[in-house]
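Which chain is which? The protein sequence lines are A and B, in order.
Under my numbering, the first residue of the first sequence is numbered 1, with each subsequent residue one higher.
Under my numbering, the first residue of the second sequence is numbered 1, with each subsequent residue one higher.
I should point out that these hints are in silico values taken from the structure, not numbers from a laboratory.
Note that beta-carbon positions come from the ideal geometry of N, C-alpha and C, so glycine has one too.
Some hints here could point you the wrong way.
[As the list claims (entries may be wrong)] Every beta carbon over 12 Å from chain A, so not counted as near; a handful from chain B, in silico:
| no. | residue |
| --- | --- |
| 1 | Lys38 |
| 2 | Arg124 |
| 3 | Asp148 |
| 4 | Arg151 |
| 5 | Lys334 |
| 6 | Glu425 |
[To be verified] Chain B residues, not near chain A, derived (Cβ > 10 Å throughout):
| no. | residue |
| --- | --- |
| 7 | Thr58 |
| 8 | Arg93 |
| 9 | Ser100 |
| 10 | Lys245 |
| 11 | Gly272 |
| 12 | Val314 |
| 13 | Tyr346 |
| 14 | Asn349 |
[Claimed, not checked] If you anchor each label on the Cβ, the simulated ranges turn out as follows:
| no. | chain 1 | residue 1 | chain 2 | residue 2 | range |
| --- | --- | --- | --- | --- | --- |
| 15 | B | Thr24 | A | Asp344 | 18 to 26 Å |
| 16 | B | Lys426 | A | Glu390 | 29 to 37 Å |
| 17 | A | Asp221 | B | Lys339 | 29 to 37 Å |
| 18 | B | Asp221 | A | Ser268 | 42 to 50 Å |
| 19 | A | Ser268 | B | Lys339 | 55 to 63 Å |
| 20 | A | Asp344 | B | Pro207 | 55 to 63 Å |
| 21 | A | Leu9 | B | Glu265 | 51 to 59 Å |
| 22 | A | Gly324 | B | Glu265 | 54 to 62 Å |
Protein chains: 2
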Amino acid sequence: MATMETLDLLFKPRSIAVIGAAHTPEKLGGTILKNLLKYKGRVYPVNPKYDELMGMKTYPSLSDIPEPVDLSLIARPASEVPEILREHRGRARFAVIISSGFAETGHENLQDEIKKIGNEAGVRMIGPNCMGVYNPYNRLDTFFLPPDRVRRPKRGNVAVVSQSGAFLHCLFGVMVVANIGISRAVTYGNAVDIDESDLYEYLADNPETDVVISYIESVRDGRRFIEKARLLDKKKPLLVLKSGKGSSGQAAAYSHTGRLAGRYEVFSSVLGQFGIREMKDFDEMTDCMKALSYQRPSRGKKILIITNGGGSGVLASDECMRQGFEVRRLSDEKMRRMKEIFPDFYVLNNPVDLTAQVEDAQYVTVLKELKDEYDGFLIVALTGVRGITENLAGMLRDFMAEVGKPIVFHTSCGCESGRLVNLVEKAGIPVYLSPERAVKGLKALLRPQFAG
Amino acid sequence: MATMETLDLLFKPRSIAVIGAAHTPEKLGGTILKNLLKYKGRVYPVNPKYDELMGMKTYPSLSDIPEPVDLSLIARPASEVPEILREHRGRARFAVIISSGFAETGHENLQDEIKKIGNEAGVRMIGPNCMGVYNPYNRLDTFFLPPDRVRRPKRGNVAVVSQSGAFLHCLFGVMVVANIGISRAVTYGNAVDIDESDLYEYLADNPETDVVISYIESVRDGRRFIEKARLLDKKKPLLVLKSGKGSSGQAAAYSHTGRLAGRYEVFSSVLGQFGIREMKDFDEMTDCMKALSYQRPSRGKKILIITNGGGSGVLASDECMRQGFEVRRLSDEKMRRMKEIFPDFYVLNNPVDLTAQVEDAQYVTVLKELKDEYDGFLIVALTGVRGITENLAGMLRDFMAEVGKPIVFHTSCGCESGRLVNLVEKAGIPVYLSPERAVKGLKALLRPQFAG
């Protein structure tokens with residue numbers, strides 16, 4: 001078992017060997033080396049054909065490097081990996097095996113072989129068939145994705161544990177666009193050694209991480225998985241997306257990481273039993289991630305919707321119902337109070353409809369009046385009318401600091417709303433481009449069973 | 001009943017009166033007038049306080065305009081609307097009543113009154129509590145949304161029939177971003193006269209419309225609704241989003257348009273019985289709209305997934321299963337053939353995984369080999385690797401012209417993929433930013449019960 005201490009070294013290696021380093025970013029081994037140029041630790045390219053790569057002294061093999069390294073990255077064809085791993089004994093603590101062509105393409109024997117060799121050499125392995133590790137706090141980046149093609153998210157509080165590189169790649173895209181920061185990322189592929197359970201244990205105590213995203217195709221040891229998932233989820237929210245659900249998905253998962261996906265229904269019901277959040281698909285995952293990276297979860301189910309578009313309020317109410325929320329009408333006393341404040345044609349119910357005649361300060365007037373009667377708030381501010389201005393962002397930020405309950409925001413998409421979206425998110429409020437997705441974000445923040 | 005001929009005049013009026021026209025776009029009546037400055041027909045501002053507005057001669061009342069008009073727009077407080085409508089006898093064929101403050105705020109009597117007055121005056125009414133009509137083919141635009149805040153979509157083939165202005169506002173945002181064109185749009189609010197059924201009948205024969213989007217909170221005459229919906233859906237796809245589903249949603253819908261939403265389950269089951277597509281939420285609506293605006297629907301359920309990211313393929317397979325599609329593995333013969341063509345580490349199953357080593361031309365190689373064995377195709381091309389280039393768009397366009405079956409495309413989000421997304425959509429292939437949404441788009445294009 002990896003302990004927190006040892007895994008910390010995986011994310012903070014003092015020295016890294018790049019086996020299969022190349023001279024050009026046109027090759028994977030070149031992209032990886034280039035991404036490590038800005039790394040603060042010592043980096044040793046390994047390639048017998050070169051004396052120097054990208055200005056760095058290059059070594060024929062791992063054994064020729066002047067010191068044992070904390071981390072080696074292996075980007076050579078699958079057939080060479082056994083021999084390379086044998087050299088690791090006493091020369092490397094961790095190895096990320098990026099190479100593919102193991103169980104996922106039917107070469108189970110080769111995979112068994114590297115597992116055995118790695119274990120005998122005393123090296124902890126990530127992969128094979130993976131992209132490795134990412135830590136923006138020290139610029140560790142073993143991903144073979146060129147940064148001009150896949151921008152890295154800013155530093156932040158979301159950790160990503162993904163069996164798939166593609167999932168992480170797509171998630172990075174969403175994080176950059178949605179202004180979500182990352183604390184750690186790992187893709188672990190076929191998982192011959194270190195797997196999600198080890199990483200959960202590490203992340204539970206990682207102070208930079210507040211939320212953990214986990215994309216899983218298969219789990220080797222179900223009991224251990226549940227144990228570590230519960231341990232983690234007690235400390236910070238864990239969001240699990242399990243793929244390979246049906247027969248075709250399972251076949252695809254096996255072809256992808258060479259591990260059997262197992263019976264999905266059993267997996268899902270066990271997650272539910274322990275109150276661990278299971279995400280239905282990629283979009284639900286990103287919606288919930290966004291909410292939890294911006295705000296801390298709390299309890300309750302009474303939602304107040306304030307809108308300037310009636311139809312958006314109705315769609316949000318429908319989604320609240322589907323998610324088990326209550327959209328209770330205003331109390332008679334509050335209704336009377338609101339009628340004193342607002343014009344006759346405003347719809348003073350729940351949703352409160354401020355109509356196209358809205359002025360931005362009215363959202364906060366309503367929020368202040370009703371803050372004690374509801375557990376969470378959905379603000380719908382469609383930017384098509386002149387009463388919605390960028391000042392709304394600051395007003396909501398001030399209100400949120402005062403009330404300490406979850407608030408999410410929905411606005412229409414399009415360039416016109418871009419600046420407002422940015423300001424509202426800077427104010428710590430997640431923005432969604434449909435009413436239903438906003439409610440799903442709120443759902444991530446309000447759980448009856450979560451102690452907050 | 002409105003016939004197609006009469007409703008054609010609503011979208012192509014020779015003359016328009018703007019009752020409540022204002023001198024500044026800061027007011028709704030000013031925005032409307034400004035948006036009509038570029039209209040090709042005759043426009044008459046009506047406002048007793050001005051002789052001239054925005055350079056146009058202005059009239060004290062409808063009766064003072066030198067000719068009867070085809071269309072009047074009423075943007076005055078609710079209390080004035082009865083008197084204004086009385087003046088319509090013989091002076092206007094259609095009236096769009098933009099004013100709110102009728103049944104949706106509890107003033108049912110006032111609404112009954114205007115309905116009676118309008119009928120007696122022989123004027124066909126849209127609204128009240130609505131934004132009216134939009135026809136990009138002649139620049140008719142009665143919406144009070146300033147174009148600098150809500151950009152209008154380009155001309156195209158999607159008609160929008162929406163009870164809610166907010167829904168339309170949000171949909172316009174999506175259409176602009178997703179490069180989807182519009183043929184007609186109407187928001188009809190409380191629907192005292194012209195409703196969705198009338199509009200379906202008109203759109204069934206409208207040559208500029210290939211797809212109809214309908215957002216409904218309540219239906220007055222269920223039997224007539226179903227009759228017209230079926231008539232329309234036989235000619236072109238109708239996508240219905242019914243809101244006001246649960247008790248809170250129904251209360252919200254009543255507060256919004258002053259009409260009872262009715263029992264949702266009955267509505268939904270009748271739609272299903274007649275094979276009319278019901279959308280679950282705003283996002284499903286926009287995903288399906290996009291697919292159907294780009295390609296014509298056909299039949300079948302066998303899907304081929306070609307990806308360069310394994311995890312994305314697994315998530316897509318899972319969604320295919322949920323949507324009732326089949327993701328059959330390749331026949332033995334085709335498998336052999338593919339193994340001759342591609343490297344050993346490619347996963348030649350379904351999904352076909354071209355891995356991070358992909359070259360763009362390989363997608364078309366696979367498509368050409370397997371085109372006869374599948375009914376629809378999902379291309380996943382994550383742009384993080386150098387083998388994906390903008391040339392892929394042209395290759396797919398050529399293949400599509402040759403094969404005539406639905407193709408959808410998924411790529412990661414982020415600026416890096418922006419240009420490729422644009423080119424692929426210009427090539428007539430809808431792009432989605434998650435694997436699951438791409439499959440939902442494909443679902444809109446492949447129906448067992450749709451004759452194509």
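Beyond 10 Å on every Cβ pair: is that true for glycine 272(B) relative to chain A? Since the minimum Cβ distance to chain A is about 18 Å, glycine 272(B) lies beyond 10 Å and the statement holds.
Worksheet item: Taking the minimum C-beta separation from lysine 38(B) to chain A, is that value above 12 Å?
Response: Non-interface label on lysine 38(B) holds, nearest chain A Cβ at 19 Å vs cutoff 12 Å.
Q: Verify that the Cβ of lysine 334(B) lies farther than 12 Å from every Cβ atom of chain A, and report whether the claim holds or is violated.
A: 15 Å, holds
Practice problem: Evaluate the given range 51 to 59 Å for the C-beta pair formed by leucine 9(A) and glutamate 265(B). | Solution: This hint holds: roughly 58 Å between Cβ atoms.
Reported absence of arginine 93(B) from the contact zone with chain A (all CB gaps over 10 Å): Arginine 93(B) is indeed farther than 10 Å from all Cβ atoms of chain A, at 26 Å.
### Query
Is the nearest CB of chain A more than 10 Å from the CB of tyrosine 346(B)?
8 Å, violated
Mind verifying the non-interface call on glutamate 425(B)? Its CB should be farther than 12 Å from each CB in chain A. 16 Å, holds
Separation of threonine 58(B) from chain A, once the least beta-carbon distance is taken, above 10 Å:
Answer for threonine 58(B): holds, closest chain A Cβ roughly 23 Å.
Q | Assertion that arginine 151(B) lies farther than 12 Å from chain A (Cβ) | A | 6 Å, violated
Would you say the C-beta atoms of aspartate 221(A) and lysine 339(B) sit inside 29 to 37 Å of each other? 34 Å, holds
For lysine 245(B), is the shortest CB-to-CB distance to chain A above 10 Å, so the non-interface label stands?
5 Å, violated
Distance restraint hint 29 to 37 Å, applied to the beta-carbon atoms of lysine 426(B) and glutamate 390(A) | 33 Å, holds
Going down the numbered hints, you'll see the structure goes against 3, 4, 9, 10, 12, 13, 14, 19, 20, 22, while the others check out.
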